[in-house]
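2 protein chains.
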Amino acid sequence: RIKASGLKLQLCTNETQATRENFVRKLRAMGFDISVAEVTAPAPAACRLLRERGLRPHLLVHDDLVPEFAEIDKTNPNCVVLGDAAENFTYANLNEAFRLLIGMEKPVLISLGQGRYYKETDGLKLDVGAYMKALEYACDVQAEVVGKPAKRFFESALAELGVPPEQAIMIGDDIENDVGGAQQCGMRALQVRTGKYR
Amino acid sequence: RIKASGLKLQLCTNETQATRENFVRKLRAMGFDISVAEVTAPAPAACRLLRERGLRPHLLVHDDLVPEFAEIDKTNPNCVVLGDAAENFTYANLNEAFRLLIGMEKPVLISLGQGRYYKETDGLKLDVGAYMKALEYACDVQAEVVGKPAKRFFESALAELGVPPEQAIMIGDDIENDVGGAQQCGMRALQVRTGKYR
Numbered sequence: 001r002i003k004a005s006g007l008k009l010q011l012c013t014n015e016t017q018a019t020r021e022n023f024v025r026k027l028r029a030m031g032f033d034i035s036v037a038e039v040t041a042p043a044p045a046a047c048r049l050l051r052e053r054g055l056r057p058h059l060l061v062h063d064d065l066v067p068e069f070a071e072i073d074k075t076n077p078n079c080v081v082l083g084d085a086a087e088n089f090t091y092a093n094l095n096e097a098f099r100l101l102i103g104m105e106k107p108v109l110i111s112l113g114q115g116r117y118y119k120e121t122d123g124l125k126l127d128v129g130a131y132m133k134a135l136e137y138a139c140d141v142q143a144e145v146v147g148k149p150a151k152r153f154f155e156s157a158l159a160e161l162g163v164p165p166e167q168a169i170m171i172g173d174d175i176e177n178d179v180g181g182a183q184q185c186g187m188r189a190l191q192v193r194t195g196k197y198r
Numbered sequence: 001r002i003k004a005s006g007l008k009l010q011l012c013t014n015e016t017q018a019t020r021e022n023f024v025r026k027l028r029a030m031g032f033d034i035s036v037a038e039v040t041a042p043a044p045a046a047c048r049l050l051r052e053r054g055l056r057p058h059l060l061v062h063d064d065l066v067p068e069f070a071e072i073d074k075t076n077p078n079c080v081v082l083g084d085a086a087e088n089f090t091y092a093n094l095n096e097a098f099r100l101l102i103g104m105e106k107p108v109l110i111s112l113g114q115g116r117y118y119k120e121t122d123g124l125k126l127d128v129g130a131y132m133k134a135l136e137y138a139c140d141v142q143a144e145v146v147g148k149p150a151k152r153f154f155e156s157a158l159a160e161l162g163v164p165p166e167q168a169i170m171i172g173d174d175i176e177n178d179v180g181g182a183q184q185c186g187m188r189a190l191q192v193r194t195g196k197y198r
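If you read the sequences in order, they're chains C and P. Numbered per UniProt numbering, the first sequence finishes at 198, counting up by one with no gaps. Numbered per UniProt numbering, the second sequence finishes at 198, counting up by one with no gaps.
This is chain C alone, in the form it adopts within the complex (with noise of 0.2 Å):
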């Protein structure tokens, strides 16, 4: 509906449990007309950075997330990228990343995101952000957000869709990612009380 009225559409997630084409296709499978590139998250973000800086990460993330690092050097890494790891969430990987981070002579924390639980059809789950700062209290390090709400994916996002900020409007029913992040931007945000609105 959005699309037949001639409005301009960029998804920003920050789903980290599958890739973009995965996620593309549930959507394609509900019925929701959507490319690729009108997708913007995180991994493809982090990618970015990890090349602009050098950065070889040990991954902390779902495994379905996996294919989108397959180009970036995972060897010696220095530094590490956490996302909704999920069932991978082990008192093992998470004391890995942990022995990494805390090995490392500047540790360097990048999080997918900074959410602090999400609803699925079983129930509440603790999201990245909690992981997120149980290594930043160990490491007494501050994580770099990438994804919402961090203004960098939002002004990315505004890029894809060649409008500016004041133009459009964020819908998400997040206050904190989605609402309080678009707002940070100069956009209007909707929240709607679906998904986890308590």
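Just so you know, the hints here were simulated from the structure itself, not pulled from any lab data. Note that this is a predicted model, so its numbers are computed, not measured. Where is the CB? At the ideal position from N, CA and C, for every residue including glycine. Hints should not be assumed to be uniformly reliable.
What the hints assert, rightly or not - DSS-like, lysine-lysine: derived pairs with alpha carbons at most 25 Å apart:
1) P:K119 with C:K119
2) C:K106 with P:K119
3) P:K106 with P:K74
4) C:K26 with C:K3
5) C:K8 with C:K26
6) C:K26 with C:K119
Claimed, not checked - Covered stretches of chain P, going by a simulated chain C footprint (3 or more residues, C-beta under 8 Å):
7) 90–98
8) 109–123
9) 127–134
10) 137–148
Given chain C, put chain P in place with the hints provided.
This is chain P only, laid out in the frame that chain C set:
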């Protein structure tokens, strides 16, 4: 040697992976002449607090610590008690504790310490403080810490000794939990460069 010198000794531990009985047994096996009464530990301190406030905990702690809470009513929990759960820090257990907390009208999170990490034979491990920060962030609550470096904790150790703070010295390897906590109580403190010191 301390005992032979006539000095009074109270052992302040943040050990939350075992009951005091087990802890003392280990120390005795190493040749230390110590009794349960000479140990101040977070779990019994938490039990006092739970009783005082009529709190019924959901426990996310190490299996070996559970007996310390044997006398405590744990039905229909109205708070979460977090210890160094080690292998019990699974994704499922963390989500369960989170869901209980966020479902409470007034979430109460009690943490048996706030250490960042500790050292084991196979390397550094995230300590209870990291997981405390994760739950604090996800639920937007502040944990109540029993154990070092809480002032109350040192005060109860001093009370056991019957000694004022200015006549006591704290010896430990952790600059925040041991040295900082004791100094806040008016005690002098000595940092030893063993254990996790780096």
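Evaluation of the provided hints:
no., hint, result
1, P:K119 with C:K119, "violated (35 Å)"
2, C:K106 with P:K119, "holds (21 Å)"
3, P:K106 with P:K74, "holds (17 Å)"
4, C:K26 with C:K3, "holds (19 Å)"
5, C:K8 with C:K26, "holds (21 Å)"
6, C:K26 with C:K119, "holds (17 Å)"
7, 90–98, "holds (count 5)"
8, 109–123, "holds (count 3)"
9, 127–134, "holds (count 6)"
10, 137–148, "holds (count 4)"
Consistency note: the structure conflicts with earlier hint 1 alone.
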